[in-house]
Each structure stands twice: as structure tokens, then as C-alpha cells.
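Trainee: As a plain string of letters, each chain reads:
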Amino acid sequence: MFEYINIFCTLLKRDLVIAIRDKTDFINSLTFFVIIIFLFPLTYGTDSELIMKFTPGMIWISALLATCLSLEGVFRSDFEDGTIEQLTLSRYPLTLISSAKIMAHWIIYSAPLIVISLFMSLILSLPTNVIMVLFITLLLGTPILSLIGSIMVVLTVGLRGSMLLSLLILPLSMPILIFSILAINNAAINQSTSAEIYFLGGMLVLAITLAPIATAAALRVRMS
Amino acid sequence: MYRWIQQFGSPKYFYDISLVVSKWIGVICLICFIAGLYGGLVIAPPDYQQGDSYRIIYIHVPASWMSLFVYMILAISGAITLIWRIKIADFVARSSAIIGASFTFLALATGAIWGKPMWGTYWVWDARLTSELILLFLYLGYIALQSSFEDRRVGARAGAILALIGVINIPIIHYSVEWWSTLHQGPTISKLDAPSIHYSMLIPLLLMAIAYKTFYIYTLLINIRSEIIESEYNATWVKKMIGD
Amino acid sequence: MLFENFFSMGGYGIYVWSAYAITFIVLILNLFFTIKREKKILRNYKKK
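Protein chains in written order, with the numbering used here: chain A, 1 to 224; chain B, 1001 to 1244; chain C, 2001 to 2048.
Quick caveat, the hints were computed from the structure, so don't treat them as lab data.
Cβ atoms here follow ideal geometry from the backbone N, Cα and C, with glycine treated the same way.
Just to be clear, a hint being listed does not mean it is correct.
Unchecked claim - Reference listing, derived: stretches of chain B covered by chain C, where coverage requires no fewer than 3 residues with Cβ under 8 Å from a Cβ of chain C: (1) 1050-1058; (2) 1100-1113; (3) 1224-1238.
Using the sequences and the hints given, assemble the complete structure.
Mentor: Right, dumping it as C-alpha cells:
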């Protein structure tokens, strides 16, 4: 048991150290996120009421796109230099290895993204209760994205064309988007948001339970 | 039991049986189509609420049933591919994807056309429509994923994993009408002993459902035969059978 | 008169018939490509 925890921490630490040493990927992903958020208002003018209405949605869409683009980062280099192959040959369970990878992705890419989106929503002057709900939905929703995404990355990494990855992730992320936006819209008109947030929580628990197993199965398929 | 599965899974056995079965299935399909269309378009009376527009039901409901049914076949044969690696299961999955996507597209398209006179709009973001749309994307993702592998076997197993993840969507589609109160009307036939529509309307619907299902099986069998010949290119039985 | 009723579908003709048309086009395309593929494979096989 302790051995497994040790291995998990070692793998996690390794990915984090790599991310800290080579910051370009992580900074590019955040810059992409911020640029997209500032691009959206250009498309529907300077009507501040419209901006208020659409800002939470576009923060969510930008987070989704940024996650899609960043997911490949955690896995690709490890696939190319054979690290993944070494890990699958080791005697540790693949679910453990994939959980560590997924968690590393969330900490490196999604956690900073949530912090920045908080600042962004303050700059764009959203009401505080909307910011709170946005924060909670991002906190619950982005790990689901990392979890689902990691399965799809393992399935598609190294195949021709990177569009395939987005094609697989985006439809499956639709329910997350729908429930998050429902919660945010309810918050905007001062109504209860607990139902949607519980649903997101439920999806997160389901994803945490099943996604590492599916990622491990996908790894086995790709390594065979 | 396992021996039976293996025998059924052997390509030659399957090929011989499918040649006989597919003819009969084709005949049943054609009869049911003609009878169902005649019953639905000519005999059945107009609906007291929706007038004649309800007649879209005869192509819309079977298509959406089949979209779920084919996906379940896809997922189950995916699971069999992952666990037992029976070749036939991979052929079934591969051949089901395109026809399943077609059924899903038809369910969405005919539903949109039906929605225009009934709801006043082609599309609403209601739970059932959205989850059916996700199903269409799942089919397309499956096709895209398994065809982008050079090694067929790896492609089949990667696709199987995707298909199994997508199964989560199936109960959501099925119960969406009951869980969320939405614009989409409830199921027409939830219990067979007391259906909510009259028999003159119900029987054509069931005939159309049989027609769709046999249509699926018919194309599936032909596709599987093609796959078998492609993969068993050098087997002696193929040479013997097609050679003469 | 009867035929006119049948085609107009109580005013919903355009919706009903376009739905049926789409369905038949898609189903027949499916059937066509399936059969064409089998024939092509069989023909290729016999050539060799």
C-alpha cells in the first residue's frame, strides 16, 4: 500500500518537475485561454449587458478548448521517448500510473486556469454569486475533462492529425458544459444551483472511478 | 457453450449461414416495409391533435430505437473483441458503425422536420435531442478512430474502448424524457399491454420497427461477408467456394 | 381528390414527404454501398 502511494507521488512529482523546468507548454496554454476570453467580446460588440450574460459561458468554452489542446502535452513526449513503455513494463498497476498522469495534468494546466479565470471574471465585473458558482463548476468540471481527455489522448496519441482528439473529447464534454452553464444561469437569477452542482459532483465521482481503468485499458491496447 | 460460441465465431460457418439467412431477412424486410408504409400512410387515421403530421412517427421512432439498439450491439461486440478477441465480433462492430450513424442521423433529421410544424422550430436544446446528437458524434468518433489505425486489430480494440465509454450516454437518452420535463413528447409505447395509441396506428409502427431491424441485419450480414473475404483472403475454403 | 388529400397530408405534406424522402435516400445509399462493396470484393477475388 505505502509502496503504491510512494510510486504515485514519485510519478506525480516527476511530471510536475518537468513542467516547472520547461514552462513553455504551460504558459502557452494559459495565454491561449486568456486570448480566447478577450476575443469573444470582439464578436458581439461592447454591449456590457451581453458581455455579462455570455462571459461565464465563454470562460467555460475557453477552458474546454485549452484543456483539449494541453492534454496531448502530458502524454506525447512520454510516448515518444519510451517512458510510457517502460512504465507499462514495470510491475505497478497501470491504473496507478494513469491516475498520476491525469492528476499531474490537472495540477499543471487546469488549476492555474481556474485561478486565472477568477481574476478574469473579476476584471469583467461579474456578480459575486455568479463568480462563486463559476468557480465551483470549474473546480468540479475540469477534473472530469482531464479524466475523459486522458483516455482519448492515450487512444489517439501518435496518430495522424490532432483533430481526432478534439473530435472525441468535445461530444463527451457536452453534459459537463450543459450542467455548468445551467448552474451559472440559475445563480445569475438568484435561484438554487444545488441540483446541477450535485450532478456535476456525481459525474466527477463516476469519472474518477472509471477513467483510470479505461486509461489503463487504452494503454494496454496501444502498447500491445 | 464456449464451443458453440467458437463454432459460431468461425468465419466459414458464419459465412455459410449468413448466405441463407440474409435472403430470408431481405424478404421479410421488404414485406414489412411495404405493409408498414401502406398501413401508416394510407390506412391509419389522422391524429386528433397533430393531424397528418404525426405520420413521421413511422420513420422517426424506429430510427431512434435502432440508433440505440445498434449502439448497444456496437458496445457489446466491442466488449467481446476486448475480452475474447473473436474476429466476427470486430466485423460486427465495424459494420454496425456506419449504419448506426445513419439511423441516428435519420432520427435527428426526421425529428427536426417533425418539430417544425409541432413546436414551431427545427431544433431545441432539450435533453433528448442533445443526448441523441452526442450519440451521433460518438458514432462518428468511433468511425474516425478505428479507421485511423494502420493495424486493424489495434484499431478494433481502441474503438471498442471508446464505444464502451459511450454506453454511459444510452440510459441518458432513454430516460431523458422522464427525468427532465422537456418539449419532446414521452414514449409512445412504454408498456405493450396498454399502449397510448390506437391499434390501427400501432401495428404499422411495429411493422416499420421490424422492417428497420431486418434492414440493419441484412446490411450487417452483407458487410460481414465482405469483411470475412477480405481477412480470410488465403484460406482454402474461400478459394474453394468463390473459385467455382 | 383522394390522391390530392394523400399528397397534401392535411397541409403537412412538405414536412411528411421530406422526412420520408430523406429516410429513403439514406437507407438506399446504405444498401447501395454495401452491395457494391461486396460485389467489388468478390470480383477482385475472382480476378486473382
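Trainee: With a cut-off of 8 Å between beta carbons, are at least three residues of the region 1050-1058 of chain B near chain C?
Mentor: With 5 residues closer than 8 Å to chain C, the region 1050-1058 of chain B meets the three-residue bar; holds.
Trainee: Report holds or violated for chain C covering the region 1224-1238 of chain B, Cβ cut-off 8 Å, minimum 3 residues.
Mentor: holds (count 6)
Trainee: Examine the region 1100-1113 of chain B: at least three residues should have C-beta closer than 8 Å to a C-beta of chain C.
Mentor: holds (count 6)
Comparing the model with each numbered hint stated earlier shows that all of them hold.
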